[in-house]
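Everything in the sequence shown is counted per the UniProt record's numbering, starting at 1 for the first residue and increasing by one.
No lab work stands behind these hints: they were computed from the structure. Just so it is clear, the structure is predicted and the values come from calculations on it, not from any experiment. Treat each hint with caution, since some may be false.
[Claimed, not checked] With a cut-off of at most 20 Å between alpha-carbon atoms, the simulated SDA-like pairs for lysine to any residue come out as follows:
id, residue 1, residue 2
1, K245, T283
2, K228, S238
3, K200, K235
4, K123, T88
5, K118, T260
6, K247, T224
7, K118, A82
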Amino acid sequence: MVVSRAAARTTASNMSSLVLPNMMLAWTVSSNSSCQYDAASGIFYSWLKPIEQGQNVKFVAGLHGGCLRLVVLKHSRFTKVANLKGATIGVPSMHSSATMFFSMDLLDAGINPLPEAKQVTWKVMDNSVLGDALHRGQVDAIATSDPIAYGPIRDGSAVELANNMSGMNAQDFCCCTAINGDIIENEPDVARQLIRAWCKGSRYVDGHEAEVAKIEVDGKYVATGDAKLVETFLKNYSWKPSVTKLKASLLPGIVKFKKTGYLDSSDDPHKLADTAFTTLGLTW
1 MVVSRAAART TASNMSSLVL PNMMLAWTVS SNSSCQYDAA SGIFYSWLKP IEQGQNVKFV
61 AGLHGGCLRL VVLKHSRFTK VANLKGATIG VPSMHSSATM FFSMDLLDAG INPLPEAKQV
121 TWKVMDNSVL GDALHRGQVD AIATSDPIAY GPIRDGSAVE LANNMSGMNA QDFCCCTAIN
181 GDIIENEPDV ARQLIRAWCK GSRYVDGHEA EVAKIEVDGK YVATGDAKLV ETFLKNYSWK
241 PSVTKLKASL LPGIVKFKKT GYLDSSDDPH KLADTAFTTL GLTW
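Generate the whole structure from the sequences, applying the supplied hints.
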């Protein structure tokens, strides 16, 4: 989900409106950092390299957990993450949440995830065709978010090797809020109200999954027209947004992510965490 400045101000002036957190909408680092948008949701690992390079973006709160999956065909020779050495993995982009997150799982399995290491091949494809590419053998695995990631599992042709809620790299949040630093500095009240509204929307999902699924499908906010499927996803995710829990996970996450090689070896994780995060005075 991306939010423009006009939408942010509208939200700040009308807190009765829910900003529903959407785990299936595409967002881009470049859009947020170039000021086309003031807010976006996504896993914080995707933002670390741009922030390291000077992009003015800050994390504030975690929204929900559960929407990233690493998937292979049922009868694949790749039966666990450690088997993926030499595999071709389809991803929506080299900077996607799934690419960054599952790079850490590969690292834990003794596989260097960097493209130049050539221990795995990351194949960038349009997100909508990843499932078909897996079926056709164009890739050995796909790493992306729901509903695309779940499609091959649902039709019975594929299985999940890993997700972002289990294993050594399990996180409370797959998606967090990333806010343009300019709005935080110049309009902190707007930023704070936006975060509150966004997290209010996240909390609302718990217990109202069918209603929210209908809103998302009717509004075409998700890459599927199947409201029951979206409801199933929503019921399986966690909806406990938090500023403090995100803060607690940030430093160890950066320390671990640095080992993948995507960050500069000279980076100080403590300084990067301080640069990348603000509470905006929120304490929950």
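Practice task
List, from low to high, the hint numbers that the structure doesn't satisfy.
Solution key: Hint 6 alone not satisfied by this model.
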